[in-house]
Amino acid sequence: MATVQVSEAEKLYVLHGVRDDLRVDGRSCEDYRHMEIETDVVSNTDGSAKVTLGHTNVLVGIKAEIGKPKPMVPDEGYLEFFVDCSANATPEFEGRGGEGLGIELSNTLYKVFSNKHSIDLKSLCIRPGENCWVLYVDVLLLQCDGNLFDAISVAIKAALFNTKIPRVHISEDEDGGKEIELSDDPYDCVRVNVENVPCIVTLCKIGHRHVVDATLQEKACSVASLLISVTHRGTVTCVRKVGGGSLDPESIFEMTETGKRVGKALHTPLMELLQKEESLGSKRQKVGFLG
Amino acid sequence: MAADMRLPTFRKQVSLSGPKSATASLVVPGDIITSDTGFMRGHGTYLDEEKLTASVAGEVERVNKLICVRPLKTRYNGEVGDVVVGRITEVQQKRWKVETNSRLDSVLLLSAVNLPGGELRRRSAEDELSMRDYLQEGDLISAEVQAVFSDGALSLHTRSLKYGKLGQGVLVQVSPSLVKRQKTHFHNLPCGASIILGNNGFIWLYPTPGQQDEVAGGYYTSIEPVSLSDREVISRLRNCILALAAHKVMLFDTSVLYCYESALTHQIKDILKPEVMEEVVLQTRHRLADQEG
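Residue numbers (the UniProt record's numbering), protein chains in the order written: chain U, 1 to 291; chain B, 1 to 293.
If you're looking for bench data, these hints aren't it; they were derived computationally from the structure.
Be careful, since some hints might not be right.
As the list claims (entries may be wrong) - In silico EDC-like cross-links for lysine to aspartate or glutamate, where the CA-CA straight-line distance does not exceed 16 Å:
(1) 11/U <-> 127/B
(2) 273/B <-> 184/U
(3) 273/B <-> 31/U
(4) 276/U <-> 224/B
(5) 164/U <-> 184/U
(6) 264/U <-> 137/B
(7) 11/U <-> 4/B
(8) 122/U <-> 174/U
Unchecked claim - In silico negatives: residues of chain U with every beta carbon more than 12 Å from chain B:
(9) 19
(10) 51
(11) 171
Claimed, not checked - Selected chain B positions facing chain U (Cβ under 7 Å, derived; list incomplete):
(12) 120
(13) 170
(14) 257
Note that CB positions come from ideal geometry on N, CA and C, so glycine has one too.
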């Protein structure tokens, strides 16, 4: 992760601020920064989304390919995650510097989506045991200002909402061989149901309290963080602790409760925004990367 | 608690309707400024086949026969006498390396700092060994530029009671070209906080110190928690400065104060929302224009 240096006096200031529920930028401990979400930004993907959270900038592209299902679950499709930390974000990511962080992010995403209720994988099946849809989710980190997991999870949810999988039907030819045909109409597609897709909430422990959506400076003042992925019903699908410090069981419980509350409150405005964006249709002014 | 989510919009330029904006001549690298050979080349220009061309993106400045281009976003180029705020990156043998947002790390020599207690003597080997007790890696200092080395690195000094290690407060980083050169860079704002506008773009906001003794020589940092009202003032000032920087308004004590007063009607965390930022900056621009005219 990109790091900033902080002096001891600054750490003390941040610590006391969090204790009084007034952070450096005036937010309370449970407030998110200003978030901007846009979908359909990359034209040659099946679904894409760009999320800006403060100065953190994340781009997600989803491509649907036909592949062979996993042998253990022949009637389900699956998702493949890949996170690329671009050197645009910080010079530390130059060359192979961003690989470690990228692998850590990908592994967390696999864990978060491993819950079988997150995405209806059975709808991705074409022919059991032979063909299924594989959704390749590629995440690109363009700018790093803390709270990567939250931004990535919101972007993935938005991109999945935007994904249009072409409708296929299987036809048999004379020799008994089966062929997969894509429908001719480019607008004839299947949408993914994103109702149960979870969002990740990162809680950083600073002093005796915890904050949501920490900036890089606040991250430098915290010793440990808890990652919780929450669905819109408040169900927790994955909990992970990151950081070198220790958390006692009481704070873990408090942080989980806060995470569930904050995470549940994330989904409703997100879905409303995505519906609104979809309803604007062609009238929507596409901003993209030149804003 | 609800997250503020919205669709992105194109950023609107907040500009006052006036003739002033029309006369600003902006160039990008490669733009030909003039083909007249009678001019002297200044910073930011080069000669390309007898034509004076810009090498940076910025505004063209002409002083009699000298043409130079002042870039809008650049690394800090130090001048002697500038006040800078820097962060210690390394502790070396008889010097500290300070990061000041310039091309090279600046240097703070051991002989250029005040020893605690204010004594004047030769620095001994013991002083060298206890350098880390005064300034560690990560500490913030305010200093003045004493000299510029031939490679462009700055030599700093803190040989005055107003410079030294900085205590509790907030650091805001903006582009160096937005900080206006003034007589003094240390201000005690009437709203209840103090500000150091470093020429290198590092701005330090801190609670106004009470009646404490200055004998300590700048190394005493208070560990008393800052009161909530002071914190609110500092947070609001921080957001105002970021709003002004986003709209490329020159930063000096008056503009920061006007922006603060315009922002009093909003909640602190709302100031960073695009529409509130525009409104606040527009009001500040109006007041500044009225004050000039």
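Cross-check of the supplied hints:
About 27 Å separates the Cα atoms of residue 11/U and residue 127/B, which puts this hinted pair outside 16 Å; it is violated. Between residue 273/B and residue 184/U the CA atoms are separated by roughly 45 Å; this puts the pair beyond 16 Å, and the hint is violated. With a C-alpha separation of about 13 Å, the suggested pairing of residue 273/B with residue 31/U holds against the 16 Å cut-off. For the hint linking residue 276/U to residue 224/B, the alpha-carbon distance of about 49 Å lies beyond 16 Å, and the restraint is violated.
A C-alpha spacing of about 14 Å is found between residue 164/U and residue 184/U, which places the hinted pair at or below 16 Å, so the restraint holds. For the hint pairing residue 264/U with residue 137/B, the CA-to-CA distance comes to about 41 Å; that exceeds 16 Å, so the pair is violated. Distance check on the hinted pair: residue 11/U and residue 4/B sit about 27 Å apart at the alpha-carbon level, beyond 16 Å; violated. For a cut-off of 16 Å, the pair hint linking residue 122/U to residue 174/U is broken: about 29 Å separates their Cα positions.
With a minimum CB-CB distance of about 8 Å to chain B, residue 19/U fails to clear the 12 Å threshold, and the non-interface call is violated. Not every Cβ of chain B is farther than 12 Å from the Cβ of residue 51/U; the closest lies at roughly 9 Å, contradicting the non-interface assignment. The beta carbon of residue 171/U sits about 41 Å from the closest Cβ of chain B, which is more than 12 Å, so the claim that it is off the interface holds. Because the smallest distance between the Cβ of residue 120/B and any Cβ of chain U comes to about 27 Å, over 7 Å, the interface hint for this residue is violated.
Taken as an interface hint, residue 170/B checks out: its beta carbon lies about 6 Å from the nearest beta carbon of chain U, inside 7 Å. This hint is violated: residue 257/B has a C-beta 18 Å from the nearest C-beta of chain U, more than the 7 Å allowed.
In summary, the structure is inconsistent with hints 1, 2, 4, 6, 7, 8, 9, 10, 12 and 14 from the numbered list given earlier, while agreeing with the others.
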